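All chains, full assembly: derive it from the sequences and hints.
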Amino acid sequence: MPIRPLPTHLINQIAAGEVVERPASVVKELLENALDAGATKVMIDIEQGGVKRIRLRDNGDGIPRAELALALSRHATSKIASLDDLEQVRSLGFRGEALPSIASISRLILSSKHKEATQGWQLYGDGQEVFGEPEPSAHAIGTTVDVADLFFNTPARRKFLKTEKTEFGHIEEVVRKLALSRFDVSFHLNHNQKPVLVLPQIDEHLSAERRIGELCGQEFTQNSISLDYTAAGLKLWGWISLPTFSRSQPDLQYFYVNGRVIRDKFVTHALKQAYQDVMYHGRYAAFILFLELDPQLVDVNAHPTKQEVRFRESRLVHDFLVKAVSQALADIRPVTAHNTVIEKIASVATDVTHTSTSDEFLKDTFHTTSQSAAQATTARMGTYFTPQQARLNMPVREQLAVYQQLYKPISEPVASVTEHSPIANITPQLTQISDDIPPLGHALAQLHGIYILAQNAEGLILVDMHAAHERITYEHLKHSHSQAVLRSQPLLLPISISLSKKEADFAETHLSEFQQLGFELDRIGLDKLTIRAVPSLLKEADAERLVKDVLADFIEQGSSQRIQQATQAILATMACHGAVRANRKLSIPEMNALLRDMERTERSGQCNHGRPTWVAFNLEQLDKLFLRGR
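Quick note on my numbering: the sequence shown kicks off at 59 and runs consecutively.
Source of the hints: derived by calculation from the structure; they are not laboratory data. One or more of the hints may lead you astray.
Using 20 Å as the maximum straight-line C-alpha spacing, the simulated DMTMM-like pairs for lysine to aspartate or glutamate come out as follows [claimed, not checked]:
id	residue 1	residue 2
1	K220	E79
2	K560	E614
3	K586	D563
4	K606	E657
5	K323	D357
6	K235	D309
7	K560	D580
8	K110	E191
9	K223	D309
10	K560	D611
11	K223	D242
12	K99	D119
13	K559	D607
14	K252	E125
15	K173	E125
16	K223	E105
17	K137	D357
18	K220	E231
19	K597	E614
20	K110	E79
21	K252	E105
22	K223	E79
23	K560	E571
24	K252	E230
25	K252	E231
26	K559	D585
27	K235	E350
28	K586	D611
29	K235	E225
30	K217	D207
Please read these numbers as outputs of a predicted model, since none were measured by experiment.
This is how it looks when you write it as structure tokens:
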């Protein structure tokens, strides 16, 4: 068969196979065009899951009559004009392929009125490359794209579509993603003449939680914290779930880069790593996060669907995300009633804002913003933010004199509900609440030797003493270990391992990195290494497997957290075994000492396994239990 050019309509249909996978792809492309056109109101009408009809109306700038036919031509766009524009794309669309691809596999009507025109115009298409002349049309300022009989001329593609319910579910998810990125735009989604989503325009960020609650559920808004970080030319803001609010699937994870929703392996790995110390294995965090950076530092032209991007400094972005999110999680702790709305672990909403303008952000701390900046952020982000809590600039430490008493016989009587004396008989001096009440209050008694009952200004605090002490001990061990030089343990008998030549070459090139992790490696052949020393804390671990895993991480991600994770697992085990056990009777001073340490300790809201360490019940909740006031 001789080589010959393909017909234009066939080229468009081939291109449509990359751009239009299903009806949801059409909705995504049309929505992005509407947002790029400056629309503040979008109406989406769907029939039969989008197969029969997709109609999208917007109030954007509109398309002039002379450009209607160009809008349906391949590689015609108003969003870029040069290579410089392509290297710093700021719009959601830019290739000029969406409309011609859609027009080639559907019966399309494009109607529009430009903001400076006095007359609206429309153009018809039926899957051919010739569209005729525009016709006059009564139309408000903006654009309407009416797509009917999707895939009518490519029946093989129709066979791969799922049920009507499934296809509409994908459409709804597309609208949901874009609605979460543009609070200033109203979205109306109808299916078979029935309203499904009605999201009014939000002029101020103060009402952002309303839309988030509608799209992600009130449970997410009640169990999330907001964050706003700036460092090294990167800015991250949004909402992340508490570790105690986890999901079995990553179905509530939305990440945006310069307003574009993406899926990126480096981003996913970074956020997973940030949560690894406070969440159950096999569970997933929920988040809505927005990353803002110079468009020149990210390539959005990496995939036909534009859902994958490439970062010029992927390692920098990865470490920034880990630092930002882990710091926000570490700063979740009880604070005074004057400065917080936190009263129960299930409804925490706190603001942690840090700023750094230097690449030194990769060091141990971020610098806190000024009070004025925090107030500005509070005004912008709304009720998710509470007045800023300054980070405690002190290491995690225990009151050793107090905790030594935990393993001594108790000579003084301990108030416990397991004994015959009721709580009402506790010494009045112990139950008296002073004017200066700590966040977790003052201890009252123990419950079954497991829980600590405490009273604060708002109501009742219930603490799992083992889980709380386990976290305190764990953070203390981590801090102590991080301050010490990583020691190596020489092996009596060196271990020889076989690798691929690529892996051996990489290991030889990065021997210094392995040495910093506590390994001593030598290359003894084309595809062989010898392990002569391992980190002392991991001397009982499988050295061969550990080296191979670390090497794989280095090759794939540029760094490895294997050693840190393995070390932390050992420290967590040590903390678990060293924490106060159930049925250990504590005195009131011992319980209060534990509460005060919880208030100072990072991540004290969860134990090492991700379980909550304390809950709170305010007086209103307690009154409801006993029907007071009814």
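Against the structure, the hints:
For the hint pairing K220 with E79, the CA-to-CA distance comes to about 12 Å; that is within 20 Å, so the pair holds. Distance restraint check for K560 and E614: the Cα-Cα separation of roughly 13 Å lies within the 20 Å cut-off, and the hinted pair is therefore satisfied. For the hint linking K586 to D563, the alpha-carbon distance of about 10 Å falls within 20 Å, and the restraint holds. Of the pairs offered as hints, the one joining K606 and E657 is violated, with about 40 Å between alpha carbons and a cut-off of 20 Å exceeded.
For the given pair, K323 sits about 15 Å from D357 by alpha-carbon distance, which is consistent with the 20 Å threshold. For the proposed pair K235 and D309, the alpha carbon gap of about 12 Å is at most 20 Å, so the pair holds. Under the criterion of a C-alpha separation no larger than 20 Å, the hint pairing K560 with D580 is consistent with the structure, at around 15 Å. The straight-line distance between the Cα atoms of K110 and E191 is roughly 25 Å, outside the 20 Å bound, and the hint therefore fails.
A C-alpha spacing of about 18 Å is found between K223 and D309, which places the hinted pair at or below 20 Å, so the restraint holds. Between K560 and D611 the CA atoms are separated by roughly 14 Å; this keeps the pair inside 20 Å, and the hint holds. With a C-alpha separation of about 29 Å, the suggested pair K223 and D242 falls outside the 20 Å cut-off, and the hint is violated. At roughly 12 Å between alpha-carbon atoms, K99 and D119 fall within 20 Å of each other, so this suggested pair holds.
The hinted pair formed by K559 and D607 meets the criterion: a straight-line CA distance of about 16 Å does not exceed 20 Å. As the CA atoms of K252 and E125 are separated by approximately 34 Å, the hinted pair breaks the 20 Å bound. For the suggested pair K173 and E125, the alpha carbons sit about 14 Å apart, so the restraint of at most 20 Å is met. For the given pair, K223 sits about 11 Å from E105 by alpha-carbon distance, which is consistent with the 20 Å threshold.
For the suggested pair K137 and D357, the alpha carbons sit about 16 Å apart, so the restraint of at most 20 Å is met. Among the hinted pairs, K220 with E231 is consistent with the structure: their alpha-carbon atoms are about 15 Å apart, no more than 20 Å. For the given pair, K597 sits about 26 Å from E614 by alpha-carbon distance, which is inconsistent with the 20 Å threshold. Pair hint K110 plus E79 holds up; C-alpha atoms about 15 Å apart against a cutoff of 20 Å.
In summary, the hint linking K252 to E105 is supported, as the alpha carbons are separated by about 10 Å, within the 20 Å threshold. Our distance criterion of 20 Å between C-alpha atoms is met by K223 and E79, whose separation comes to about 16 Å. The straight-line distance between the Cα atoms of K560 and E571 is roughly 17 Å, inside the 20 Å bound, and the hint therefore holds. Note on K252 and E230: the hinted pairing holds, with a Cα-Cα distance of about 13 Å set against a maximum of 20 Å.
Between the alpha carbons of K252 and E231 the distance comes to roughly 17 Å, so the proposed pair stays at or under 20 Å and holds. Annotation: proposed proximity of K559 to D585 holds, straight-line Cα distance about 5 Å (limit 20 Å). This hinted pair checks out: K235 and E350 have alpha carbons roughly 17 Å apart, not beyond 20 Å. A C-alpha spacing of about 19 Å is found between K586 and D611, which places the hinted pair at or below 20 Å, so the restraint holds.
At roughly 16 Å between alpha-carbon atoms, K235 and E225 fall within 20 Å of each other, so this suggested pair holds. Distance check on the hinted pair: K217 and D207 sit about 14 Å apart at the alpha-carbon level, within 20 Å; holds.
This entry does not satisfy hints 4, 8, 11, 14 and 19, going by the numbered hints stated previously.
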